[in-house]
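**Q** Letter by letter, the chains look like this.
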Amino acid sequence: MTIKSSLLLLSLLGIFAACGPKATKETKPLTESDIQLLEEEVMRLHDSVMPQTSEIMRYKRKFQEQAELSENSLSAESFKNAALELEQAYHLMMDWMQAYHAPDPQSSLEAREAYLLDELNKVQEVVDAYTKALNHAHDLDSLQ
Amino acid sequence: MKMLPFFGPVLLFLWSCGSPNSNAEKELKHLPFMGEPMLIQNDQGSVDTLWPALPAFTLASQTGDSLTQLDLAGKIRVADFFFTSCPTICPMMSAQMLRIHERFGSNDQVVLISHSIDPEHDSVSVLADYAEKLGASAPGWFFLTGDMDLIFSLADAYGSFAEKDPNAPGGFAHSGALTLADRQGRIRGVYDGTNPEEVDRLILDMERLLAEAPDYGPEAVPVGLDYAQ
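So the sequences go chain by chain: A and B. Note that our numbering has the first sequence beginning at 1, numbered continuously upward. Note that our numbering has the second sequence beginning at 1, numbered continuously upward.
Below are the EDC-like pairs computed for lysine to aspartate or glutamate, each with C-alpha atoms no more than 16 Å apart in a straight line:
hint: 1; chain 1: A; residue 1: K62; chain 2: B; residue 2: D149
hint: 2; chain 1: B; residue 1: K75; chain 2: B; residue 2: E212
hint: 3; chain 1: A; residue 1: K62; chain 2: B; residue 2: D156
hint: 4; chain 1: B; residue 1: K133; chain 2: B; residue 2: E102
hint: 5; chain 1: A; residue 1: K80; chain 2: A; residue 2: D141
hint: 6; chain 1: A; residue 1: K122; chain 2: A; residue 2: E39
If you are wondering where the hints come from, they were derived from the structure by calculation, not from laboratory data. Note that the structure is predicted; figures quoted are calculated from it, not measured.
Please construct the entire structure, taking both the sequences and the accompanying hints into account.
**A** What follows is the structure in structure tokens.
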């Protein structure tokens with residue numbers, strides 16, 4: 001073993017020694033407070049878009065009326081598609097809320113964490129659907 | 001004149017509440033009419049001031065029967081928009097509506113109406129169950145479901161939903177409004193249904209409306225809705 005490779009081995013051992021215990025320390029046990037923060041984050045995401053439901057439905061009605069009145073089949077199709085996208089976003093929100101329940105406090109912290117992480121993903125999908133549908137609606141509306 | 005900027009809004013408020021033919025102090029006890037007046041030229045060539053009233057509707061209530069605007073004629077009403085699976089503000093609003101129901105539930109001049117904005121999940125039986133658990137009963141308090149587009153159009157007419165607010169998270173203020181309408185269906189106040197102090201004010205304003213002559217103020221004209229039956 002050359003001096004060079006000995007030094008490299010020592011350095012690697014040093015790095016492992018330094019990183020090992022620290023990594024163990026960072027894995028903190030789950031607490032009620034962690035679960036509460038997760039639950040708040042789910043609600044925060046929901047609250048960030050829920051008040052836009054009125055705007056979603058206002059655009060939906062407007063585009064449906066415009067689709068019926070339009071003599072141009074291409075623009076009628078655009079209005080119909082936009083109205084459908086808005087309605088789907090609304091249903092996604094309502095279905096999510098119908099299915100969502102605050103986790104049972106009697107269940108384990110790990111089970112509640114897994115449930116809330118899953119809900120976080122689902123509500124993010126709702127947020128994305130609302131944002132996308134409203135962006136399309138604004139664009140279509142501004143073309144008129 | 002330095003005080004004008006301060007007193008200006010006060011004078012404007014006093015002017016807007018008064019009318020040329022009435023005692024100013026007495027008029028101040030009346031609630032304002034919300035919305036924009038309609039100025040219509042009559043057959044005699046002069047102009048009549050009419051006020052928009054809430055539109056006609058037909059929705060199903062938790063009792064299984066239909067409720068229409070005709071059932072509300074001559075009554076003052078408090079309206080809100082909610083849904084039974086609402087995880088955040090609706091329970092707070094329902095708790096405040098319950099306070100109002102407990103106060104006025106036996107008064108046949110008052111009606112509370114809660115419209116579900118999730119009518120596909122909130123069927124008549126779901127609403128009946130929700131009302132029973134809450135301790136709410138018809139005819140003092142109706143929970144309504146029906147055509148989704150009609151309900152959202154009504155929400156706009158009641159001024160119940162949030163307007164854009166760039167300072168609020170997501171760019172919108174959260175809704176949760178309780179709307180007070182008089183015996184002729186004219187909107188006389190909108191209150192934050194999640195704030196008990198605002199609801200205290202609403203209760204006082206309801207007392208004022210109950211004491212008001214039914215024909216007070218400009219003539220009401222219902223604003224049409226395509227979805228009304």
